[in-house]
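Asker: What follows is each chain in one-letter form.
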Amino acid sequence: MSGETISQMVGRLLDGRATARANVEAALSRLTEHGSYNSLISTCEQRALQRADQIDQSLRKEPGRAGRLAGVPFVAKDNFLSFGAPTTAASKMLRNFQAPYQATVIERLEAEGAICVAKSNLDAFAHGSSTENSDFGPTLNPHDKSRVPGGSSGGSAAAVALGSVPFALGTDTGGSVRLPASFCGVVGYKPTYGLLSRFGVVAMASSTDVVGTLSRSAGDAALLVDVMSGRDPHDATTLDRPSDLRYKGGLRPLNVGLIEEFMGPEVDPAVKAAIENTCQKLARMGHRVNKVSLASLPLALAVYYIVVPAEISSNLARYDGIRYGYSAPRAASLEATYGLSRDQGFNAENKRRILIGTYVLSSGYIEAYYQKAQTVRTKLINDFKAAFKRFDFLIGPVAPATAFKLGQNTKDPLKMYLTDVMTVGASMAGLPAVSLPAGSDPAGLPIGAQLIGPQLSDGKLLQLAQDMEGVN
Amino acid sequence: MSRLMPSIGIECHVQLSTKSKLFSAAGNDARGAAPNTLISPLCLGLPGTLPVLNGAAVDLAIAAGLALNARIASLSSFDRKHYFYPDLPKGYQITQLDKPIVGAGRLKVPLSDGVFEVGIIRAHLEEDAGKLTHPPGSDISLVDLNRAGTPLLEIVSAPDMHGPAEAKAYAQELYLTMVMARVTDGDLYHGNMRFDVNVSLSADPDKLGVRAEIKNLNSFRSVERAVAYEIKRQQELINAGESLVQQTRGWDEATQTTKEQRTKETATDYRYFPDPDIPPLALAGDRIAAIKKQLPMLPWDYRASWSKLNLDGSVVTALLGRPAYASIVSSIKDEHGEAHARRVAHWLAGLTPPPGDKSNVPEPANFTAADLVELSAMVEEGALSATAAKQVLAALPGSGQSPRQIAEKMNLSQLSDRSALVNELDKLLKEDAAAARALADYQSGNLHAGSYIIGQLMKRTGGKANPALAAELLKRLDR
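Read top to bottom, the protein sequences are chains R and P. Under UniProt numbering, think of the first position of the first sequence as 1, with each following residue one higher. Under UniProt numbering, think of the first position of the second sequence as 1, with each following residue one higher.
Take these hints with a grain of salt, some might be off.
Ranges of calculated distance between the beta carbons of each label pair, as one might list FRET restraints [what the hints assert, rightly or not]:
(1) D252/P <-> S42/R: 53 to 59 Å
(2) K351/R <-> Q246/P: 52 to 58 Å
(3) F83/R <-> D139/P: 34 to 40 Å
(4) K207/P <-> E367/R: 25 to 31 Å
(5) P413/R <-> P296/P: 56 to 62 Å
(6) R287/P <-> A368/R: 47 to 53 Å
(7) L251/R <-> S74/P: 55 to 61 Å
(8) K351/R <-> L208/P: 52 to 58 Å
(9) Q54/R <-> D269/P: 48 to 54 Å
No wet-lab data here; the hints were simulated from the structure. Glycine included, each C-beta is placed from N, C-alpha and C at the ideal position.
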């Protein structure tokens, strides 16, 4: 039963071979069984079972009106505000925070009958690439418990890879869905910026944050984005749903560009071989693959680690120990309340990013850092635009290597940041990208291939990914 | 020593009279609301909340800009200004730094002896902060976020004022313009308009001196007095050979002095950057044109329209502070002539506290032009005395009755029927020997005796005798 896709699971429910309650109970018991991977922060058992019973009841009354995700259990990264459990962002700062409203995407999934059964682990406030920065302990990689699952949506990726739920929600600011998908061997989809609402998602960096999905198939990702997308009156940066989001009909032969900058000598040979195999598969499918160079792409990481901390330092200013969240006991003054609450509530990585962000926005430095980074960002966007004049999609690895050992990079933040080198480009440009399982290295660790498309090409991108799944 | 010229620039925060806040659907009118009842998750700065710009606030900002003869930006944008304070839930204020919605404009300002013009540099939209109170005798502070997120338009003037009277006149004219443009409720008591005044002295007319900014003045009088005090203070320092430091000062109402709050050296680094949650605001020409078309009459339109009414400056100013009254006066003038308009103007001005009065001003009463014209006609035809007319005026709003009905009910109608009054006068002179003697005195030239007779006539008629007619009848007896 484990390893079902969404459509298989909905199919069984409509055939009468399953109930929503049975689905939820099974998911919860699998999650408990895999407890040692620490993929979760909390479960929403009570609310999930209530919702399951309601769905079963209304299905008995009106079988024809089942939602497209009727009775499908899922896991949401714990930076989505939702009912039934606290929303912690894996931070001591929000350890006991009960959301008074739900994220738009959770509401839209629930409206189609999906059931949130648990909240998954992440790097606190999504600051990280390995899920080791969680204040609730690291999540372990389902393929090798001595290794990280990637981050920051590591708990969501692990829960799907372990077969506990057919899909999970993640967020991707610089690769936080794609990297753990690659390290755990599942499909990770990062939509075009603005396609999915950010309302009710604990903000990391507003200009690149997107809601993404971790699933077992690209088809499921396409179904999920179809359910969740569309303008949200609560998020001014949301876009209209493109008419070709559910791609109909076959794809004509496409031009795919293999990003040269991502195939250099520093890349693991097994990863390179897997990407080359994927390119050959594309060729067998009738598409044309040619090399392409994006000169500014190597600068994306530097741009990312200026712009994103700047926005983080601003977005985290609200956690001041006054209205909600962690408040330091025995603070003797207003200044002490701020200082101690933030010192004790945030972890080292949170503070590192707040400090970098505060620095690059400071008077006298903003021109040299933040503003220059924005200039390079524009150049990067233009380089992508130019490439998409010649190519329908770009391809490359998700990361230079497979999952690393727990603790391997924790002492060296720069090395940890380098893990994001291949994912931050699409984030800075707001482009849709998907991480697809593309084999494994000699140690059996999964390798991910990354497809990147122009803005709002999500429907076609996911169609190509589905086509590839059907080819050996 | 060369003569030092003061230059004054004013930044005014105007609270826009929208139903909801600048970026959330929470209610905007905090007057009288219990603390923390007009709040949403966004006002609390809860995680996951996002600002969504209120289109009504944008429309009011455009109207304000047009009323200031200013250029409206086709593209403006929002920035974050960071500082920590318990009344600022997000840890930053959303404002407009580089690309404000309103660009350069100008405002013509009346003075007792003429008119001068003040340049408007810019005006930008921003959200207000909440309110802190410190209960006396307690070591806690209370946070009320009702006002957090209220839309403000900050209007920045050029340093075109050169004395306390000009500063006050500008503040007052800006107030009248914003109230007439229906941009704000203009309730100064509740801080609907707050003035920050920049004062500097310089011997060189082309160069400003070191300025002091006096924050948060909320009446025209405090603007005038703070400017006067600050000019004197700076003049004395300069005369004493001391150098001035750029600083922010507060106005102390009790001592009528300004006090240093902080100097430039200790200024906060606000770390402004463009707010990534709010897309740039693009304004189509159609939208601006539509608002321009619907812009109500402004103070100078009314002044032009009333030029033949010979109204006192104070009457004009009082009416302009109450757009509903001003509009009634103008429509009466257009439809019923200047005499009625002039009379009604004086009545309504009499009901109006001075503009921007800091006391809790009542809502304007609900009059119709038709009722006021009827009342004015009654005075004109002698059916009502001036004093009685004011009594009817006071009883009119909400009565559901016409002025004539009210006058009758209150027994105020004047006895203006000539034959009836002749009758009463005859009876008086027959029945009252003292009155008859007074008549003789009057006829021999004692005018006081005439007043006595009219007084007695008033008494007989219960105050209803038309005094002008009575005097005329008495004169005829004289002949």
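Asker: Hint by hint, say whether it matches the structure.
Answerer: Hints, verified against the model:
1. D252/P <-> S42/R: 53 to 59 Å: holds (54 Å)
2. K351/R <-> Q246/P: 52 to 58 Å: Hint violated: Cβ distance 34 Å, outside 52 to 58 Å.
3. F83/R <-> D139/P: 34 to 40 Å: Holds: the Cβ-Cβ distance is about 37 Å, inside 34 to 40 Å.
4. K207/P <-> E367/R: 25 to 31 Å: holds (28 Å)
5. P413/R <-> P296/P: 56 to 62 Å: Holds: the Cβ-Cβ distance is about 60 Å, inside 56 to 62 Å.
6. R287/P <-> A368/R: 47 to 53 Å: violated (39 Å)
7. L251/R <-> S74/P: 55 to 61 Å: violated (41 Å)
8. K351/R <-> L208/P: 52 to 58 Å: violated (43 Å)
9. Q54/R <-> D269/P: 48 to 54 Å: holds (53 Å)
This entry does not satisfy hints 2, 6, 7, 8, going by the numbered hints stated previously.
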